[in-house]
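**Student:** Residue-level listing of the chains:
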Amino acid sequence: MSSEDHKVSKITSEAIFAVRPISSIRFLMALVFCLSLLLIDIRFNLSNEIRGYAHDVLLPLYKIVEVPSQFINKASEIRQSNQQLKKNLLSYKEDNEKLKLINSQLKDLTKRNQELNLVWNSAQIDKEAYLLGQKMNLSSNPLKPALILDVNDPDSILEINQPVLSKEGIIGKVKSVGLRSAEVMISQDPQSLIPVISSTTRLHGILKGYGLQRKGQLINVKKTAAFKEGEDLYSSGLGKVFPPNYLVGRVVLIEDRPDNEFLNIDVEFLDLPEDQDYFLVFTK
Amino acid sequence: MNKGLKNYLLISLSLIFFILLDLISFSLTADQIKPSFFLLGFIYWNIAMPEKMNLYFAFTFGLLMDFMQGTVLGVYPLILILISYLSQRFFYQFRTFKFVQQALILFLIFLIFKFFIALDINNADPNSFSLADKNYALLSLIFALLNSLAWAPLFYVLRIYRRKWIKT
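Chains A and B supply the protein sequences, listed in that same order.
Each residue of the first sequence is one higher than the one before, counting from 1 in this note's numbering.
Each residue of the second sequence is one higher than the one before, counting from 1 in this note's numbering.
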């Protein structure tokens with residue numbers, strides 16, 4: 001019988017029973033070390049200082065992951081006929097016209113609402129105040145959603161706590177900064193708190209996240225507060241982290257539970273940045 | 001190249017490949033239930049070549065996962081060290097099990113993993129010890145089930161890879 005026929009010889013040349021597992025002492029030491037690291041990070045948030053740089057190092061991995069989807073997108077684009085593209089172009093032109101019309105209406109509205117200074121502020125767009133960031137990765141952990149952005153920031157004006165906006169409104173704030181990467185804490189994150197003001201009742205509140213695909217809640221709202229279901233919530237600007245008058249979410253449910261000393265107000269956040277590739281970081 | 005170093009590199013390469021696979025994003029729900037090839041691969045290497053998998057592996061890859069997943073630093077190293085220890089402590093027994101039995105054990109491991117990840121260690125919600133809800137529990141069950149189903153094919157693929165490339 002040749003050695004090729006001997007199956008066991010293919011698996012390993014060592015006797016498996018000679019292998020010693022990790023010693024209990026080393027395991028316990030490693031466990032204590034990890035627990036210490038965990039406690040230090042919870043207490044001092046030390047990892048926020050290095051996460052951005054870690055993402056700089058991991059950037060090539062994020063780029064590699066995008067290659068298959070980019071290839072598929074390119075292939076499907078090529079397959080699209082010219083006619084289809086022309087049709088798309090026409091519909092976009094139509095949309096553009098509609099948007100222009102809406103924009104002109106908004107301008108008219110802002111003039112009328114100068115006293116409230118609500119829409120006016122949001123229309124005053126200072127292009128220098130925004131940095132464009134490309135989405136690199138969105139962590140799959142729904143309870144700790146972290147968005148990684150690749151930001152071209154030659155002047156190094158990117159800082160921790162700067163708000164991040166999608167085309168609709170606020171989606172989070174910068175948690176950690178690297179050389180060209182930024183980790184964003186999304187507004188759905190259980191640690192996220194955003195001061196908001198309601199659109200119709202003009203009441204203030206603090207919006208707290210509870211994780212991806214979950215509703216947020218306005219916390220510590222007195223039972224006498226007159227929030228209405230369906231009204232939009234805008235950033236109030238209190239706390240000086242988020243700029244005022246940006247859309248954050250919408251009130252979807254108000255419950256007055258007898259076992260709770262506060263109102264239970266559920267809020268639906270803006271659509272998630274799943275299919276959006278670019279975001280704006282507000283730097284002023 | 002040194003045979004030992006080459007083996008370490010090949011194992012690391014396979015784990016990095018699995019990390020890349022795990023990073024591919026679909027929909028939000030699909031991302032929550034898709035199998036974690038990295039963890040499965042990590043368990044495989046601990047069972048197949050315990051002498052090659054040390055705690056440094058667990059710690060380094062754990063930190064990498066912490067950065068990628070946005071979790072508090074130390075959560076993934078802790079999980080991987082635990083998995084590494086348990087796998088190496090019981091790999092004699094585990095190797096002799098049938099695939100169904102192995103899948104059942106992995107189902108429990110992945111279910112515990114999901115609920116461990118959901119622990120509210122930052123105290124974001126003072127009223128609750130865990131951030132898991134009914135929907136999360138359901139998705140965790142599906143995640144654990146899919147991982148246990150993915151174990152057998154992954155086992156065979158990695159066994160072919162090991163026999164072809166990794167010389168002991």
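These are calculated hints, taken from the structure and not from any lab test.
Just so you know, not all the hints are guaranteed correct.
Stated by the list, open to error - Derived lysine-lysine pairs resembling BS3-like cross-links, with alpha carbons at most 30 Å apart:
id : chain 1 : residue 1 : chain 2 : residue 2
1  : B       : K34       : B       : K52
2  : B       : K34       : A       : K215
3  : A       : K63       : B       : K34
4  : A       : K135      : B       : K6
5  : B       : K34       : B       : K134
6  : A       : K222      : A       : K135
7  : A       : K63       : B       : K6
8  : B       : K52       : A       : K215
**Student:** So, against the hints stated earlier in the document, which numbers end up violated here?
**Tutor:** 4, 6 and 8
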